[in-house]
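S.K.: Here is what each chain is made of, one letter per residue.
Number of protein chains: 2
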Amino acid sequence: MELGPPGGSGPAEPGPRLRGLRGADAAASASSLSRFGAEAGCRASAVAAVLPAGGSGERMGVPTPKQFCPILERPLISYTLQALERVSWIKDIIVAVTRENMETMKGIIQRYQHKRISLVEAGVTRHRSIFNGLKALAEDQPNCRLSKPEVVIIHDAVRPFVEEDVLLKVVTAAQEHGCSDYDLEFGTECLHLALKYSHIKAKLVEGSPDLWKVTYKRDLYAAESIIKERISQKVCVVMDTKEDEEHVGHCLEEMLKTELNHVKVTSGQDLQQIILEQCYNFVCVNVMTSDFEETQRLLNMVEESNLSILYPVVVISVHFLDYESVPLGQKMEKVMQIREFAKEAKKRNILLSGLLIYFPQEEQKLRESLRQGTTIISALIKERNSGLIGQLLVA
Amino acid sequence: MELGPPGGSGPAEPGPRLRGLRGADAAASASSLSRFGAEAGCRASAVAAVLPAGGSGERMGVPTPKQFCPILERPLISYTLQALERVSWIKDIIVAVTRENMETMKGIIQRYQHKRISLVEAGVTRHRSIFNGLKALAEDQPNCRLSKPEVVIIHDAVRPFVEEDVLLKVVTAAQEHGCSDYDLEFGTECLHLALKYSHIKAKLVEGSPDLWKVTYKRDLYAAESIIKERISQKVCVVMDTKEDEEHVGHCLEEMLKTELNHVKVTSGQDLQQIILEQCYNFVCVNVMTSDFEETQRLLNMVEESNLSILYPVVVISVHFLDYESVPLGQKMEKVMQIREFAKEAKKRNILLSGLLIYFPQEEQKLRESLRQGTTIISALIKERNSGLIGQLLVA
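In order, the protein sequence lines correspond to chains A and B.
Here the first sequence stands for residues -17 to 377, where the numbers follow my numbering.
Here the second sequence stands for residues -17 to 377, where the numbers follow my numbering.
Isolated chain A, as found in the complex:
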């Protein structure tokens, strides 16, 4: 069972002629371990996944094997595990890693709190690694916490963007066609060869262009940009009082909406819920105060929620400034305390910056200030650059 992109979106890279079929690399393949269960529907305890992750990543041009290359400081394989963990009906995930990377992998599972993962030792080839994973699932040992699955999804550790619907298609097709993973015997994962030289019932399952494999350094760049874009879509604006929300909140909300997809303004009551819904960007607006009480409260909530374990969370502490009543320098000096807060927050993967927005009485000028503020907020959220934490920006 192999996965390819949909008909309309062929691959763009020039393929090497002599290894043309390599371009048709398997994205995921499913093998039905037990024929008895093959006819059954996608049942609760029937599916496991095996991730061969023993590669050395020599094509990447970097010393680290590609599955361990960091994206926003987190290893690539952790994103792939996250994508599979989200799928509740995948009961077990077996990762095959080389002996030398076993401790690294254990560290990743612990740090990013991955669940339902078991480790096996990788073989000398990708196929041997898959075989070791399947063997671990098939073994009928007492005290073994792995349950024998009906269908096993084989998924590359370096395809982080796999979606549930595609995985479901693979599993359903495996159940309908009773495909076996003959790859192991033929030493190739290519559907073409399988169809030509064997009697295996292979079927091409339509994938999506998102299902690409991180191979070159440019793919890491692309993956980082995609991940940044995904977590930058939602922003929550916390206003310190109800009245301020009316006054400035709607104006800011409207402008932020031109730059970001989902903007939610709150006065704080439903913050817990918003954090639970995985919003990774917060703007804490302190309309007339220059202290950090509200920001500190927000930082505590984010920290307690474990939200920043998987992604760096951006928090921007906004302070309004009336030039006429307080000199800019004085205000800046006060708000500069943010540097100390930011250093502490960084340890918990929270990227904190300050933003001073000029607050004139005249509506037109206020809108202009807010517009500049919006540009800065948007840049901070989209770039997510830890080199600029603790800075006090001025709009």
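If you're looking for bench data, these hints aren't it; they were derived computationally from the structure.
Please note: incorrect hints may appear among the correct ones.
Since the list gives no way to pick out one identical chain from another, each pair is judged satisfied if it fits inside one copy or across any two copies.
[To be verified] Restricting the straight-line Cα-Cα distance to at most 16 Å, the calculated cross-link-like pairs of lysine to aspartate or glutamate (EDC-like) are:
1. Lys117 with Glu67
2. Lys325 with Glu350
3. Lys246 with Asp222
4. Lys199 with Glu211
5. Lys364 with Glu206
6. Lys328 with Glu285
Starting from the known structure of chain A, fit chain B onto it as the hints suggest.
M.R.: Okay, now just chain B, sitting in the frame of chain A:
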């Protein structure tokens, strides 16, 4: 004559099985227009390039055809033209664009000062577009400024990273094998098909992994990151006096070298030469003054050089600060003038920011300040974010 990646680096994308050969898409093909010249060496006036650029970019998932999608605010096709223009022995570059994009394309050529470019109208297919380009080169009209070439390189408008050595290989192979562009007749650019169904002398020329095609949105992200990385390698640190250069310059140079590849410290005499060598990043250090005289001089030189026509140039105006003699707020207020300078500079594609570095007497503390400054400088250069111009950052 087709180009594929080298043997060791196959494509990573899953290939659609029914259109498997599409994965072997031509990166560039060369046709010898005149057989008489085919045996000759790579002569000065013998080579032209045709760029089919009539595509609609529907796979990209964005409304703009991909060749016109902006990377650092400049259309992708301009990067491809720049890559070909750099090759002095390519005498003419013919771009085939649709009638509706003709004015856009003329605007791009003018704005980015491209040379040796002629435009022809694109056909309904890629092959018709190539044909129109070849026809323009073959026509023997009086007053026609195009010279009849021996070899024509066909190059996709959406492969911006082509290097001279690869182009030379294609031309040499075309001359040796006398390959004709039979693609036009067969309606496919695939070497496999050409070899199988025709008697054309086709040869696979090894390309490089850099020769990839921008197809999906993720490829645009990757291209932007690659371009940013390339122009972020060199930084020039301009110190205001010779003595300061001794004192702080070496320290800063040493730290910047841990983040960026080429760091050049100057007191200004050879600035013109450094600009000519295409350095896109400048740090202007004003050790004890808070005015912008030096920065303004640098901005003027960058502007006059036309350096910022192709890429946004980053200029960071660094000011040192002795907390004990001048209050932070007062210094900040003074340096905040940078916002006005930055607005003006942005119009000329120069991204100006300010950086205040704490300057204590104690060596250890000074090094700590400079280290923080280095992190910020590096972040500004690598991100090249126009949303953060005119800001005064503090290290």
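S.K.: A separate judgement is required for each hint: does it hold in the structure or not?
M.R.: Status of each hint after checking the structure:
1. In this assembly of identical chains, Lys117 and Glu67 lie within 16 Å of each other by CA distance neither inside one copy nor across copies; the values are 21 Å within and 57 Å between.
2. Proximity of Lys325 to Glu350 under the C-alpha cut-off of 16 Å is restricted to the inter-copy arrangement: shortest distance 15 Å between copies versus 31 Å within a copy.
3. For the homomeric pair Lys246 and Asp222, the shortest alpha-carbon distance inside one copy (14 Å) is at most 16 Å, but the shortest distance between copies (48 Å) is not.
4. In this assembly of identical chains, Lys199 and Glu211 lie within 16 Å of each other by CA distance solely across copies; the values are 12 Å between and 19 Å within a copy.
5. In this assembly of identical chains, the alpha carbons of Lys364 and Glu206 lie at most 16 Å apart whether taken from the same copy (11 Å) or from different copies (14 Å).
6. Only within a single protomer do Lys328 and Glu285 lie at most 16 Å apart by alpha-carbon distance; the minimum there is 11 Å, versus 38 Å between protomers.
Hint compliance for this structure: hint 1 is the single one not met.
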